[in-house]
Amino acid sequence: MSTIDQAAPAADTTKRVPGHVIYRRVLAERTSYALAAAGMTVGPQLDDSAWSYLASGGIGLGTLAWLYAKTKSPDHGLDTITRAQRAIPFLTAAGTYVANLITPGFNWWEVVAPAAWAGLMGWMAPLTRSAGLVLELTEHQEQQGNGPGEALTYTEFLAAKWAQATGDGTRLVSITPYRADRPDFEAVVVAQAGKAVPTFTEVQLAAAFDFPVGTVRMRPVQGSGPGRMQLIARPTTEDTERSAEGLRGLWESAVSAPGGAAPGVDLIDHRSEPHRIVLLVASPPGKEIRLPHTAICSAFGIDDPSRLVIETDGIRQGVVSVYRTNPLMKVRKATVEDLTMDDKGRITIGVCHDGKPARMRLWDPGQGALRGITAGVTGAGKSVLQNLILAGEKRSGVVSWVGDVQGGMSLPEAEGRVDWFAKGPVETLLMLTAAHAVMKYRERLSNEMGRGDFALGRPWPLINITLDEINRLLAHPDEAMRKATAYLIADIQKTGRKVGIGIRLAVQSLHLKDLGDDDAIRQQGKVGALFLMRTASSSTKEMGLDGIAPAGFQMENIPARIYENGQIEALFSGKDDEDGESTAGMAYMFLDGRAKFMRTFFAEKVDGVYPDLIALYGDDPANGLTEGEAKAAQAGVALYGVRHSNPYADCDTLAQAFAGTSGSKPMAGPPATTDGEADSGEAPAPAPFGIPFGDGPDIGEEPGLQDQILTLLADGPMSLKELREALPGFQPSSVSNACSQLKAKGLAKSAKRGHWQLADS
Numbered sequence: 001m002s003t004i005d006q007a008a009p010a011a012d013t014t015k016r017v018p019g020h021v022i023y024r025r026v027l028a029e030r031t032s033y034a035l036a037a038a039g040m041t042v043g044p045q046l047d048d049s050a051w052s053y054l055a056s057g058g059i060g061l062g063t064l065a066w067l068y069a070k071t072k073s074p075d076h077g078l079d080t081i082t083r084a085q086r087a088i089p090f091l092t093a094a095g096t097y098v099a100n101l102i103t104p105g106f107n108w109w110e111v112v113a114p115a116a117w118a119g120l121m122g123w124m125a126p127l128t129r130s131a132g133l134v135l136e137l138t139e140h141q142e143q144q145g146n147g148p149g150e151a152l153t154y155t156e157f158l159a160a161k162w163a164q165a166t167g168d169g170t171r172l173v174s175i176t177p178y179r180a181d182r183p184d185f186e187a188v189v190v191a192q193a194g195k196a197v198p199t200f201t202e203v204q205l206a207a208a209f210d211f212p213v214g215t216v217r218m219r220p221v222q223g224s225g226p227g228r229m230q231l232i233a234r235p236t237t238e239d240t241e242r243s244a245e246g247l248r249g250l251w252e253s254a255v256s257a258p259g260g261a262a263p264g265v266d267l268i269d270h271r272s273e274p275h276r277i278v279l280l281v282a283s284p285p286g287k288e289i290r291l292p293h294t295a296i297c298s299a300f301g302i303d304d305p306s307r308l309v310i311e312t313d314g315i316r317q318g319v320v321s322v323y324r325t326n327p328l329m330k331v332r333k334a335t336v337e338d339l340t341m342d343d344k345g346r347i348t349i350g351v352c353h354d355g356k357p358a359r360m361r362l363w364d365p366g367q368g369a370l371r372g373i374t375a376g377v378t379g380a381g382k383s384v385l386q387n388l389i390l391a392g393e394k395r396s397g398v399v400s401w402v403g404d405v406q407g408g409m410s411l412p413e414a415e416g417r418v419d420w421f422a423k424g425p426v427e428t429l430l431m432l433t434a435a436h437a438v439m440k441y442r443e444r445l446s447n448e449m450g451r452g453d454f455a456l457g458r459p460w461p462l463i464n465i466t467l468d469e470i471n472r473l474l475a476h477p478d479e480a481m482r483k484a485t486a487y488l489i490a491d492i493q494k495t496g497r498k499v500g501i502g503i504r505l506a507v508q509s510l511h512l513k514d515l516g517d518d519d520a521i522r523q524q525g526k527v528g529a530l531f532l533m534r535t536a537s538s539s540t541k542e543m544g545l546d547g548i549a550p551a552g553f554q555m556e557n558i559p560a561r562i563y564e565n566g567q568i569e570a571l572f573s574g575k576d577d578e579d580g581e582s583t584a585g586m587a588y589m590f591l592d593g594r595a596k597f598m599r600t601f602f603a604e605k606v607d608g609v610y611p612d613l614i615a616l617y618g619d620d621p622a623n624g625l626t627e628g629e630a631k632a633a634q635a636g637v638a639l640y641g642v643r644h645s646n647p648y649a650d651c652d653t654l655a656q657a658f659a660g661t662s663g664s665k666p667m668a669g670p671p672a673t674t675d676g677e678a679d680s681g682e683a684p685a686p687a688p689f690g691i692p693f694g695d696g697p698d699i700g701e702e703p704g705l706q707d708q709i710l711t712l713l714a715d716g717p718m719s720l721k722e723l724r725e726a727l728p729g730f731q732p733s734s735v736s737n738a739c740s741q742l743k744a745k746g747l748a749k750s751a752k753r754g755h756w757q758l759a760d761s
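Our numbering applies: residue 1 is where the sequence shown begins, and numbers increase by one.
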């Protein structure tokens with residue numbers, strides 16, 4: 001055990017060293033030396049024996065072998081001195097005894113040498129001192145009024161060590177340990193009245209506490225004269241401090257300097273933690289902060305981008321966290337408490353890079369139901385994230401409808417544990433149709449009651465719709481299904497919030513081609529919680545950041561695997577990819593204008609499912625709709641009443657679901673009245689789309705927008721900016737989308753980038 005380990009307080013900052021223990025230990029050690037000296041004098045005078053040579057030689061050689069084994073590494077530092085100190089009595093005793101053995105006859109020095117050895121060892125007490133215990137401390141206890149049986153605190157121990165080492169009248173006061181389990185501390189050195197604190201070398205400071213050279217420093221005390229100096233001792237955290245100082249130099253030379261990664265961005269302050277260094281930086285006044293992630297990684301020599309986390313206030317200040325290793329290598333499993341909604345509508349789904357809980361809202365008491373998008377490739381962790389949210393909804397009284405467009409293969413854990421688990425594209429479209437009918441039912445009753453916003457449980461529960469692999473339906477080859485899906489999602493995104501119906505999308509990417517070429521769906525989804533996990537394209541992150549990330553924030557794509565010593569080291573050493581840690585569950589979570597690097601709670605897959613997540617759902621029945629809502633859903637889609645049989649619907653089911661139709665036009669059931677009962681006396685109402693699949697204008701486009709654009713273009717080419725200014729009543733994204741639709745119809749064309757004209761111009 002090293003001197004540092006002995007000096008460190010074990011559990012708190014008042015490690016106690018009883019004086020009587022020190023006294024007894026030194027007394028026993030000195031007694032053993034006296035007895036050994038007598039043996040060293042008498043033994044060689046007895047008959048020669050091979051056992052004497054073997055014993056003395058064995059002790060000496062054995063001690064040398066032990067010392068070599070314990071100190072052969074150059075990284076031991078203080079341990080090397082400690083081990084050598086403990087070996088002194090055995091090596092010198094063996095040498096003295098062997099010298100007496102090989103000398104013929106009896107000589108006077110054969111008595112003097114053992115006696116001198118015993119006296120020297122008794123004065124040094126090397127075994128006791130190597131353990132960090134000093135006899136002179138008992139004198140300090142007597143001076144302080146502590147008897148030999150009373151305890152000595154760690155701070156008293158340090159003060160005594162300083163007084164013993166210096167002897168110049170200076171005192172060590174205001175001793176403050178950094179941590180309870182480490183010897184590191186800060187203190188103030190006070191000189192005698194009218195005198196200055198002497199100048200000490202690094203060697204003298206380190207020797208005073210038996211700490212490694214360079215780990216104890218003195219600095220002036222702000223506001224005080226030369227009679228007071230601050231002493232900082234960090235034998236175990238000095239590496240971190242040196243790293244911080246090194247980063248400061250790197251920042252000034254490679255980041256903030258002209259031509260650096262972030263020219264002009266100054267390092268304001270920094271602090272060190274056991275596993276990370278936190279840098280507070282700021283751009284010059286009047287300049288917007290820009291912190292390029294890749295360039296700063298390069299400046300710091302970091303090949304694992306997840307070890308560098310950048311956060312900004314969107315104006316001119318930012319925080320850069322540099323980790324020794326990826327902070328999210330290991331994450332615990334979720335608990336029921338994590339997934340129980342608090343009074344702010346939040347559940348905990350994972351851990352942020354700084355150890356704080358990663359929370360998301362199932363709903364917002366001030367805004368109502370929420371929207372959201374999760375983007376990530378296969379294996380990025382989307383399924384675990386969705387299951388955690390769904391389990392949290394079930395535990396929190398939320399009605400969950402899940403559309404697994406992959407036929408139930410993406411979220412098998414949710415089947416039978418949510419109110420509706422729709423498999424495949426057709427049944428998912430039918431579920432959206434029923435949700436749209438429930439939304440209209442709630443809107444109608446809200447108008448009659450004079451309600452403007454949603455109140456949880458009064459009178460309806462919160463409904464959250466999760467659509468996994470929805471890109472398969474939004475890009476479906478059947479045009480009618482594709483358009484109907486886009487219309488339903490967009491309409492629920494726009495108006496479902498105020499009546500307590502939220503909708504979340506899980507997709508492979510945020511490309512428009514995967515979202516039905518409907519930018520409105522992407523923009524509306526990004527208003528809520530956006531999770532960007534590992535993606536296959538760098539353009540996905542740019543589309544995800546647009547409009548939601550703080551200014552100056554930059555994100556690097558999450559790699560498939562991470563390595564404790566970095567990816568380049570793994571490649572250089574020839575390790576296989578399987579030797580790294582999967583990054584499944586790591587994501588950038590964008591909420592309330594802030595970006596957080598986090599990882600979802602760990603879940604282990606067994607035989608294709610996650611038993612831990614299934615257990616989190618609980619055994620209670622799934623939360624369901626009110627009676628009136630159930631009737632409205634059944635009226636919208638006849639399939640709702642048999643949803644628990646989990647039919648894998650096909651296109652024939654789609655046609656049969658819209659009963660009461662004439663010809664080939666799919667129709668919905670009769671509209672529900674305000675009390676939820678169907679009015680059989682009225683003629684069947686058209687489907688929510690108002691038209692048969694495949695007929696009529698594009699579903700989801702703003703009424704009359706395309707005609708107005710064509711009218712404007714009849715006067716000549718116009719830029720997209722001019723078109724938006726001429727059509728202030730429409731969203732800019734709607735104008736862009738309408739231009740793209742006109743191009744697809746062959747009615748308009750792009751003259752040059754950002755400019756449009758009629759196709760026949």
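Among the hints, a few may not be true.
In silico BS3-like cross-links for lysine-lysine, where the CA-CA straight-line distance does not exceed 30 Å [claimed, not checked]:
| id | residue 1 | residue 2 |
| --- | --- | --- |
| 1 | K498 | K596 |
| 2 | K596 | K494 |
| 3 | K721 | K743 |
| 4 | K356 | K344 |
| 5 | K161 | K330 |
| 6 | K356 | K195 |
| 7 | K356 | K605 |
| 8 | K330 | K344 |
| 9 | K745 | K494 |
| 10 | K330 | K752 |
| 11 | K287 | K330 |
| 12 | K745 | K721 |
| 13 | K752 | K721 |
| 14 | K596 | K344 |
| 15 | K161 | K333 |
| 16 | K330 | K356 |
| 17 | K494 | K195 |
| 18 | K195 | K344 |
| 19 | K356 | K333 |
| 20 | K440 | K498 |
| 21 | K195 | K161 |
| 22 | K287 | K494 |
| 23 | K605 | K440 |
| 24 | K494 | K743 |
| 25 | K344 | K333 |
| 26 | K333 | K498 |
| 27 | K287 | K721 |
| 28 | K440 | K494 |
| 29 | K344 | K161 |
Please keep in mind that the hints were generated in silico from the structure rather than gathered at the bench. Nothing here was measured: the structure is a model prediction, and the numbers come from that model.
So, going through the hints one by one against the coordinates:
1. K498 <-> K596: holds, 27 Å
2. K596 <-> K494: Measuring from Cα to Cα gives roughly 26 Å; hence the hint holds.
3. K721 <-> K743: The hint holds at about 17 Å.
4. K356 <-> K344: Roughly 17 Å separates the two Cα atoms, so the pair holds.
5. K161 <-> K330: Given that 30 Å is the threshold and the Cα spacing comes to 41 Å, the pair is violated.
6. K356 <-> K195: violated, 49 Å
7. K356 <-> K605: Given that 30 Å is the threshold and the Cα spacing comes to 25 Å, the pair holds.
8. K330 <-> K344: Holds - the C-alpha atoms of K344 and K330 are around 28 Å apart, at most 30 Å.
9. K745 <-> K494: Holds, at about 26 Å.
10. K330 <-> K752: Answer violated: K330 to K752 is near 51 Å, above 30 Å.
11. K287 <-> K330: At roughly 38 Å apart (the allowed maximum being 30 Å), K330 and K287 break the hint.
12. K745 <-> K721: OK: K745 and K721 at ~22 Å, within 30 Å.
13. K752 <-> K721: holds, 13 Å
14. K596 <-> K344: Given that 30 Å is the threshold and the Cα spacing comes to 19 Å, the pair holds.
15. K161 <-> K333: violated, 47 Å
16. K330 <-> K356: This hinted pair holds, its Cα atoms lying about 14 Å apart.
17. K494 <-> K195: Violated, because 77 Å separates the two Cα atoms, which is more than 30 Å.
18. K195 <-> K344: Outside the cut-off at roughly 61 Å; violated.
19. K356 <-> K333: Status holds; Cα separation ~15 Å.
20. K440 <-> K498: holds, 11 Å
21. K195 <-> K161: holds, 21 Å
22. K287 <-> K494: violated, 36 Å
23. K605 <-> K440: Violated, at about 40 Å.
24. K494 <-> K743: holds, 26 Å
25. K344 <-> K333: holds, 23 Å
26. K333 <-> K498: Violated, because 34 Å separates the two Cα atoms, which is more than 30 Å.
27. K287 <-> K721: holds, 27 Å
28. K440 <-> K494: With Cα atoms ~13 Å apart, K440 and K494 stay inside 30 Å; holds.
29. K344 <-> K161: Given pair K344, K161 is violated - Cα atoms ~54 Å apart, limit 30 Å.
In summary, the structure is inconsistent with hints 5, 6, 10, 11, 15, 17, 18, 22, 23, 26, 29 from the numbered list given earlier, while agreeing with the others.
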